[in-house]
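Take these sequences, add in the hints, and give me the full structure.
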Amino acid sequence: MTLYMPLFFVSCDIRSQNFIQTKNTRIVPGNASNRTSKARSGIQCSAECTSDENCCSSSYDTHSTLCILFSTCSPMTEYAEGYSVTKKTPEPVPKWFVGTNLCFEWRADGSGLDQCGNGEGSNKYCASVNEWTTYYKDRSDDSEGGCQMRWSIESVGYGSWFNNVEICYHWISYGNGRDPCGVGETCASIGTPTNYYRDDTDNLSKVCQMQWMLSVPVDAPEWIQNAQLCYQWYTDDDKGQCGGEANGSYCAIANTFTSFYSDHTNENAGGCYMRWKIFVDT
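Numbering follows UniProt numbering, with no gaps: position 148 of the sequence shown is 148.
Derived by calculation from the structure, the hints in this document are not laboratory data. A virtual CB, placed ideally from N, CA and C, is assigned to each residue, including glycine. Some hints here could point you the wrong way.
As the list claims (entries may be wrong) - 25 Å max Cα-Cα, derived DSS-like pairs, lysine-lysine: (1) K95 x K124; (2) K137 x K124; (3) K38 x K23; (4) K124 x K277; (5) K95 x K38; (6) K88 x K23; (7) K137 x K95; (8) K277 x K137; (9) K95 x K277.
What the hints assert, rightly or not - Label-pair restraints from in silico Cβ distances: (10) M76 x S51: 20 to 26 Å; (11) R178 x V28: 58 to 64 Å; (12) N226 x R40: 47 to 53 Å.
Take a look at the structure:
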């Protein structure tokens, strides 16, 4: 008869990082490991993990005193007497960040007010983290003027490192015809909007490709390193104006631009409805 020892869970703090240790458990072989070494104890093995920025979990064998470090934070595990597994406990997302707003602002710079939004002339939409902004209708055509657009992140109660977080927008034109947008990039830190981008496409112009990014410092907390900036759109008529797709969405993890969205709104019927969101796993 095989006797199974109970599993024990221990929570500890090593070098200001939280870990959960499970005894009589090991990480299933096959998970890609970063490094293998000898350690005097499971605690020492855990300490090696916390000193390695690429380590998120470790497996320790008390019999062989072998310590194996893994980059994955949620590895598959199995019962194994004499082993122990240590996993980093993710730092919780602070309340101030959940209340942070992603904002989109626009204004018409000519008489063709119907090209921008719902003909309001100007407006600003903001949404807290994990919420979408209100849809903005892009209806730029050959009417006089265009639509000035910009983005910002607004927050209060944050630490000094958050001053180095930025919202970035990049664009480039392609195809034949007049060039309504050229190429460029604009970024803005917390509380400051990006420079205005002028949207003035029509059926005689090139296509403007657009993409966005949430830029965070390399030493920022892990929870924001895994945050995503998302963009979503749909058309109420001609999908050719909206990247050739009737609807879609793109998300990109921090420090990575979203895929390009192709804007070719013109005087054809309908327009492209656009919105944005910052997503973080809470």
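Practice item. Starting from the hint list further up, note which numbers the structure goes against and sort them upward. Key: Those not satisfied are hints 5, 7 and 12.
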